[in-house]
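Novice: Sequence:
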Amino acid sequence: MRAVQHYIKRKAATNLLHAPRTAAALGRPFNTHVTINFWQLGCDETDIFEVFAKLRNERFQRWSSYTPKGTKTARNGAPTFAWVIEADKGLHHVHWMVHITPEQALHFAGSLRKWLTKINDGHPIPDDAVKIQKIDNAEGLKKYLAKGTEPHFARFCRIRPQETGAVHGRKSGVSRNLGPAEWMPRKAAWKAARGRAA
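Sequential numbering of the sequence shown, starting at 4, is according to the numbering used here.
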């Protein structure tokens, strides 16, 4: 059984806070906010981290990276996302910021519901079990997602910390292309350029 986490750890929070700018720099800005209420899908709270990981790493990654026959371009491109798992009052749910190309928005929405139906043992999912919204301000949304960060680090980042419930497994993560290997050199270059301009 995975360890229980009550807060987003500092390293994970740092990756989350850098994610929107890094995604934009890669030309894959976060434009879609998905909320999934796993508590409505019959998932045991000890399994939600693994269930969502499988949805991201198998279903979504395969869908996003698939190159249709007769084309040379992946359907949605490199999977680019950041996520948090929350469990307010024991109601486990996920907030997921993701890049979806506009022409694939409807296909993604339909595919997501199919994936969640399978998670729900083939039963139709409640209409309010999943919500998909357009992101107008990823920088603002990231602070909302990061509210479950360890209180002392949250306050350091000017985020008002909140209790978001205990989760079996990690509470937050980002796609591989948004990790430290990507954002740290970009931050260093920005600081260097700023120093030269001063």
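Worth flagging that the hints you see were computed from the coordinates, not collected in a lab. None of the values given here were measured: they were computed from a predicted structure. From the three backbone atoms N, C-alpha and C, an ideal C-beta is built for every residue, glycine too. There may be inaccurate statements among the hints.
Below, in silico cross-link-like pairs of lysine to any residue (SDA-like), each with a Cα-Cα straight-line distance of 20 Å or less [claimed, not checked]:
no.: 1; residue 1: K134; residue 2: K12
no.: 2; residue 1: K190; residue 2: L44
no.: 3; residue 1: K137; residue 2: E106
no.: 4; residue 1: K134; residue 2: T120
no.: 5; residue 1: K150; residue 2: R13
no.: 6; residue 1: K12; residue 2: K117
no.: 7; residue 1: K12; residue 2: A169
no.: 8; residue 1: K134; residue 2: R13
no.: 9; residue 1: K134; residue 2: E153
no.: 10; residue 1: K134; residue 2: A28
no.: 11; residue 1: K75; residue 2: D91
no.: 12; residue 1: K14; residue 2: G30
no.: 13; residue 1: K121; residue 2: K75
no.: 14; residue 1: K137; residue 2: H110
no.: 15; residue 1: K137; residue 2: G113
no.: 16; residue 1: K12; residue 2: Q136
no.: 17; residue 1: K137; residue 2: H98
no.: 18; residue 1: K57; residue 2: K75
no.: 19; residue 1: K117; residue 2: L144
no.: 20; residue 1: K134; residue 2: T104
no.: 21; residue 1: K137; residue 2: K121
no.: 22; residue 1: K121; residue 2: V37
no.: 23; residue 1: K146; residue 2: R158
no.: 24; residue 1: K92; residue 2: R189
no.: 25; residue 1: K75; residue 2: R59
no.: 26; residue 1: K57; residue 2: T120
no.: 27; residue 1: K121; residue 2: A28
no.: 28; residue 1: K150; residue 2: A169
no.: 29; residue 1: K12; residue 2: R158
no.: 30; residue 1: K146; residue 2: H98
no.: 31; residue 1: K14; residue 2: L144
no.: 32; residue 1: K146; residue 2: R65
no.: 33; residue 1: K190; residue 2: R24
no.: 34; residue 1: K57; residue 2: A132
no.: 35; residue 1: K92; residue 2: L58
no.: 36; residue 1: K146; residue 2: A132
no.: 37; residue 1: K14; residue 2: Q165
Derived Cβ-Cβ restraints for the label pairs, each shown as a range [unchecked claim]:
no.: 38; residue 1: K57; residue 2: V7; range: 43 to 49 Å
no.: 39; residue 1: A27; residue 2: A195; range: 17 to 23 Å
no.: 40; residue 1: T76; residue 2: H155; range: 18 to 24 Å
Novice: Checking against the hints above, which ones are violated?
Specialist: Those not satisfied are hints 1, 2, 6, 8, 9, 10, 11, 12, 13, 16, 18, 19, 21, 24, 25, 27, 32, 35, 36, 38 and 40.
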